[in-house]
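Let's have the full structure, built from the sequences with the hints guiding it.
2 protein chains.
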Amino acid sequence: MHSSSEASSRSPLRLGLLGIGNVGQSVFDVLTRNQDEISRRAGRSIEVVMASRRNLAAAKPLADAGVRVVADPADIVRDPSVDVVVELIGGTTVARDLVLQAIANGKHVVTANKALLAEHGTEIFDAAHKAGVVVAFEAAVAGGIPIIKALREGLTANRIQWLAGIINGTTNFILSEMRSKGLDFATVLKTAQSLGYAEADPTFDIEGVDAAHKLALMSAIAFGVPVQFDKAHIEGITQLDAQDIRYAEQLGYRIKLLGITKRVPTGIELRVHPCLVPSERLLANVEGAMNAVVVQGDAVGTTLYYGKGAGGEPTASAVIADLVDVARVGNSSALERVPALAFQPDAMVPTPVLPISDVVSAYYLRLRVSDEAGVLANLTGVLAKSGISIDAMLQREAHDVSGQEGNQTDLVMLTHEVREGTLDEALAHIQALPTVLAPVVRLRKEELA
Amino acid sequence: MHSSSEASSRSPLRLGLLGIGNVGQSVFDVLTRNQDEISRRAGRSIEVVMASRRNLAAAKPLADAGVRVVADPADIVRDPSVDVVVELIGGTTVARDLVLQAIANGKHVVTANKALLAEHGTEIFDAAHKAGVVVAFEAAVAGGIPIIKALREGLTANRIQWLAGIINGTTNFILSEMRSKGLDFATVLKTAQSLGYAEADPTFDIEGVDAAHKLALMSAIAFGVPVQFDKAHIEGITQLDAQDIRYAEQLGYRIKLLGITKRVPTGIELRVHPCLVPSERLLANVEGAMNAVVVQGDAVGTTLYYGKGAGGEPTASAVIADLVDVARVGNSSALERVPALAFQPDAMVPTPVLPISDVVSAYYLRLRVSDEAGVLANLTGVLAKSGISIDAMLQREAHDVSGQEGNQTDLVMLTHEVREGTLDEALAHIQALPTVLAPVVRLRKEELA
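If you read the sequences in order, they're chains A and B.
Taking this note's numbering, the leading residue of the first sequence gets -14, the next gets one more, and so forth.
Taking this note's numbering, the leading residue of the second sequence gets -14, the next gets one more, and so forth.
For the record, the hints were derived by calculation from the structure and aren't laboratory data.
Hints may be right or wrong, so weigh each one.
Copies of the same chain are indistinguishable here, so a pair counts whether it falls within one copy or spans any two.
[What the hints assert, rightly or not] Simulated crosslink set (EDC-like; lysine to aspartate or glutamate; CA at most 16 Å straight-line):
#1 K115 - D331
#2 K115 - E192
#3 K216 - D343
#4 K370 - D186
#5 K45 - D14
#6 K166 - D226
#7 K166 - E272
#8 K370 - E402
#9 K115 - D64
Pasting the structure below:
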């Protein structure tokens, strides 16, 4: 609808999905749902033309949408109608063959397969370099967080000194639960499995292997060294005692499974293990299945990147970001590959900015009132008449409040969401009440959830 | 030294610095200090060839380094030896003229000037588009945090729903101090000024104008709309009462100056104001002069970006990231613009990965010991002999520890930094002591500061 004639006239980027599981389906769903917005950014459309699934019947939704579904992914990597292959099969054998074949056939590859790149990255990146194609893997590390882009493009000025990350959601969920509920590892692992946060065979996660795969990739990018997963020191959380989590807390620390890579004068440290982190660090406060990576650069200092490290749509977000990068490279003017304002200049949309009176928000109100009967009823009556409901209230007696008369009190309220104009009208009425003794303080409140 | 023959044979990107203040000097310093690493990433070197400063004498360090220093920045924007102009003059008049002249002369522009782009962005981006040059401005928003890149490239799959940021370090420092020390605004402002966190005329910061400049840029990129600073609703923190910070805290909230832009069915919200945020959110825990931006996308969910929002080197980090982007665009193969592993394939450095025994770390130790005289002296004696010093200790009496004999106790220690191999040798001695009754638990500890 908004896509410009210029953008839509460019040839689409044609995509083949190797594997239609949770992530593959999400890639298709997000590309479909946001196709207009994505085209406006990329300067051309991105279309799924082929997809593979052993069970053809299960791929009916894609087939119904016009995608050519095949049982054998090898059919995709050799099909001339495919520009980019998205590898979501997993594992390091079949996936490796398919990726190398796709590269040999001149196709770009986008993959979420950390194990593949951690173990065969050198071979695959070499092949891609020689073939002049892109192998992109934002989705392989920390799900939807654009940490590969940050390291590879955002922090290029820096000599990176170290990075440390919570890069496995399963183990972070388990550690969060062990701490907050005082439970032991085995009990929480069962909960995590029943909630889908841990797989039936959780070995790769709980033994730290998955984190080490991701760490090896980040280390290579941070320091300009080859991917060296085989040299990583790896410890998981299976031996971690709940008692140590408690003692650590008493000393002001939390225990997280961290991937750490550090540059020291004699070489590089590359290690995954449980680690005490001061409780006041943001990283220590990353809870549940969330991921976060802290990067220390000599110019920028400390930066941190936080978000969902797994799941269909967060992973699809990263896969599609890589696809947009590939699509943009193909645009006519290399210099305008990435538009200054993210969207192609001919695809900007004039959208009204709302006046503040039309903004809907929750509010904090503080009223200095006479400490007499009926005051609260009056106030809440005015608010109720405007449809404004109270979420929480605090009353502070006169003796709590410095420098005021003895017969005054502070009423502090949090409202539910209301249009600002409506609230301000109600507050004008309230301000006029003789029992309201000072200008009402009004602040906005956002849950940011 | 490490720069490859291939990289060094490509022509350098030649840079003209308009203004050599704190940021300009830092750009020069970081480019010089990290030139090897930056060239390995960019595929070519980035050289400062010209710089302008009214006071020529003060520019002596650059002149001594071979930079052609001129008094009039207009000499730079018309000089054929300059490929990219870095505008660090500030303001919206002279800077606007210089940027438009540079664009007209076919030069790319990198700027940290949020006011300029917030007020004249439409004109400047139009001119750049027509001239086929890049105008890059990562440094204009949130200092060294690569938030522009995240929004413009990292989250392109998403329909962005809202973003909220602490994007002014001065006001966040003031609010942090007001809360932690219970002081009022005027008192803390004076402290901030004496520490250099607030300028002599702090109006733009404390009235929210600086945050609104940055917010208008992020809003445009997030939603594909023009830069609309003139329509932003702006409130600062000058009217904020310390009492409301205390009441908010009692209700479970902290007050931050936020820039918020949100997509709603009828348009876009664009507003800067003090705002209550739940205390448990990471954003609420961003303290001092640090910045952070939370972005909510429909596929990725919540992501957060954190780092230093100001200062010479953090800002230089962002300026140079933009320069590397420009340098990479000029590389021969568009497809390899950004190398898969960040560094050019011919510029990888083989660096040893250290064995874990050579890693230096601090440690948490838990020892189950006999509760008798001399035990602690024995233990600390062994540690001291290996040069291992204790940072903190916790002793838990037998009755605190579930399921153990009455004459046992837990000793928990934090060590200072020590080589792991050295520690493990000492622990082998300790483990052999008859008073040590169970395997010693050893966990690593990182301050991440």
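>> Of the numbered hints stated earlier in the document, which are not met by this structure?
In response: Hint check: 2, 4, 9 fail, others pass.
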